[in-house]
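Construct all of the structure, not just a fragment, from the sequences and the given hints.
So you can see what is in the structure, the chains are spelled out below.
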Amino acid sequence: MLYFSKLKIFVIYFIIVLLSFFSLTNFIGSENNIFVKKVNLGLDLQGGSYLLLEVDSNPIIKQKLQNKLITLRKTLKENNFKYKNLNLKDKNIIFHINKNEIIKFEKFFLNKSNPINSFYERYNSYELDYSITEDVISINFSKFGLIEIASSSLEQSLEIVRKRIDEVGTNDPTIIKRGNNRILVELPGLDDPNRIKKLLGKTANLSFRLVSDDSNFGSELLSFDKGDQKLNISKRVLLSGDNLINARPSLDNRSNETIVSFTLDRVGAKKFAKITTANVGKKLAIILDNKIISAPQIREPILGGSGQISGSFDFQSATDLALLLRSGALPAPLNILEERTVGPDLGEDSIKSGSFSLLIGFILVIFYMIFKYRFLGIIADFALIINLVLLVGILSLLEATLTLPGIAGIILTVGMAVDANVLIFERIKEEMKTEKSNIHAFDIGYKKAQTTILDANITTLISAIILFFLGSGPVKGFAVTLGLGILTTLFSVIFFAKHMSSIYVMKNKDKNIKV
Amino acid sequence: MISIASKEIEFSRLYKRLNILSLILVIISLGMLSIKGLNLGVDFKGGTLIEIRTDNNQIKISDIRQSFLKMNIGDVIVKNFGNDKDYLVKIELSDNKNPDFIEKINNQLSADLGSVVNFRRVENVGPKVSNELLKDGLLAIILALGAMLIYIWIRFEWQFSLGAIIAIIHDVVITLGFFSFLSYEINLSIVAAVLTIVGYSMNDTVVIFDRIRENLRKYSKITIIQISNISTNETLSRTLITSITTLLALSSIFFFGGEILKGFSFAMILGVVIGTYSSIFVATPILNYTKVNQKTVARENSE
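Each protein sequence line maps, in turn, to chains V and H. Here numbering that gives the first Met the number 0 is used: the first residue of the first sequence is 0, the next is one more, and so on. Here numbering that gives the first Met the number 0 is used: the first residue of the second sequence is 0, the next is one more, and so on.
Derived by calculation from the structure, the hints in this document are not laboratory data. Source: prediction; values computed, not measured. One or more hints might be untrue.
Estimated spans, in silico, between C-beta atoms of each pair [claimed, not checked]:
(1) Asn123/V to Asn130/H: 32 to 42 Å
(2) Ser33/H to Phe374/V: 48 to 58 Å
(3) Ile369/V to Leu13/H: 51 to 61 Å
(4) Ile60/H to Phe374/V: 51 to 61 Å
(5) Leu181/H to Ile377/V: 39 to 49 Å
By construction, the Cβ of each residue, glycine as well, lies at the ideal position given by its N, Cα and C atoms.
Written out as structure tokens, the structure reads:
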């Protein structure tokens, strides 16, 4: 039916006006108003960096197993088990036990309040799994134990990553979890991600350890961060970065060198005082991620709980080290799995070429429709303009992210949107051949074309939906504009264009309409 | 009724010849795909892609190649990108965990070329992620085909579904065959293009099929061949107008949308042309081969 009730007309134009408003807000200055919604520009349009990081929990698992081994040894002794050859063998704790004691061990190990193997109520599972072959017991982390480790290290890493990036001070960074061991970082407007990559690439494990004179059992050979020099360092960690509360770059008055000065918390200060008092004359190495930063001699006890690190820094590297120390150590190393960076000048070029091709495509289609259908072409063109306004309006309302492929999706929508009107007009043309009344011809034309229009658009919508869920990055933006474009197309054709043509045909019901 | 016939085109006369042509193209494409394969980009193969802009156009492409050769970082492909200041560099080495990697390349390149080099775009995809993206891409295409199959199976009789699916596969295979033949790079946006082609080709086919079904109910005495001809003719101007407007929009992207969208718009243009062709000359003849007649749609109605 070509008849539109007043209510329907009101609703149609209300929606159009509302969405036009939201699409216009993109071009008004950015007041922080709830009514001002804007399309976000993707990283490929505004420039910026996208990083996908993976938390490598292998070192933590190893570390945790090492700790378990120590507790196990203690508890086995305390409970008078007869065991031997307790050691760590690729992610398994292995030991021999007296066969008679196996049952006793199992009972002990599965006791819910035992000191080694925690029971997770929410998974209904233990932290550790064990297997027995003859008299050998092998213990490793259970599936849920590993999940627990992964999720806690992901949580902690996320927090540290956030701290480090916040300290650098970039605009609106996005830092979110992806899956169970990944972190996605988006840094809009950043054209050189090297500094951030370097900052995130360091675990920043700080430790204070003594330099030992000989290469005995309790020491290891470590190299300096700069240069090839190596030193024997005691394995015993006297103080770690956990006790640090502040660090900042500063200038040493005497040597005019850039240094990093740090402040320790109360516990740390006490420990530090004790260490420096007991070891005057010895060398104290400051070690970051297993590299020696410096190994100064302790000249006098340091009691104030603050100290400084010198290590031929320039101002940048001192600032970065201070930042790393302030934000704390990552629980596990982070690997960069994927990096995508677009410079701001390329983004600008993409916006320019994207909008220019949109304009050209739009003009070509508009003229072609007028050329093909004359007056009805103008109706179709109006529908197309409304369609675009609605599309931009919805994108703004949803605060969707517009990417370069997204712009391509809009242009494609322009090309494909007229299809619905073409289907209708062609149908009307056919009906006019047999039908005398214009109104009837239009009415039937619209009715018959409707199913085909729905059919035709649903197929593209299916593609867009699949792409939305499986596509990544900028391509997702294509799926968004293509999918929403179909919805606005249907609206602008089935409601707006239909209403316009109904007015047109009512006015010209007795004239000879050429389609 | 048949009076329209005067300006009708007898499409069915071309069916056999064009079907053989299609078959040959599909076989050649499959051959290309299995022997030569696809030129997978950084997204799917891993590696590093750098778009470089140099500030003077005296620099020769061989200088850039030479500089990369010196860096000793495996296979590097350097090519011009749009104009004589812009280059695209593809580094095969994908497994690098060194965060300084890009910075070092930039320093070395600037030193060798004696001028500041602007890295306009850097894409660095590790092997893990590229594998996942490839899997997701394939999954997306398979899911799209499956979804179309289900959709058309619900909407039409099996002969129609078969025709539509064969037409879509025809379009996707030949489009990819072209990409293999021309060694054009396959990246994430090409997957988007393929999915859109699937949707578009389906759309085009459905419009003709709708009309064929309608006409099967309308004319009770004529053969499917004639019905195909009538229906194709009736929908022809719509088919052409929609293809033309879509192609107008796509060529605008191709010519003015910048280098990044070139591959995408090229694939789409190819797909739209092939998709339009296939709905008339691949999908429709299959109704003829599977002996669709008035009973086929009548049965459906009575169910």
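Verification of the hints:
no. : hint                             : verdict
1   : Asn123/V to Asn130/H: 32 to 42 Å : holds, 34 Å
2   : Ser33/H to Phe374/V: 48 to 58 Å  : holds, 54 Å
3   : Ile369/V to Leu13/H: 51 to 61 Å  : violated, 33 Å
4   : Ile60/H to Phe374/V: 51 to 61 Å  : holds, 55 Å
5   : Leu181/H to Ile377/V: 39 to 49 Å : holds, 41 Å
Checked against the numbered hints listed earlier, the structure breaks hint 3 alone; every other hint is satisfied.
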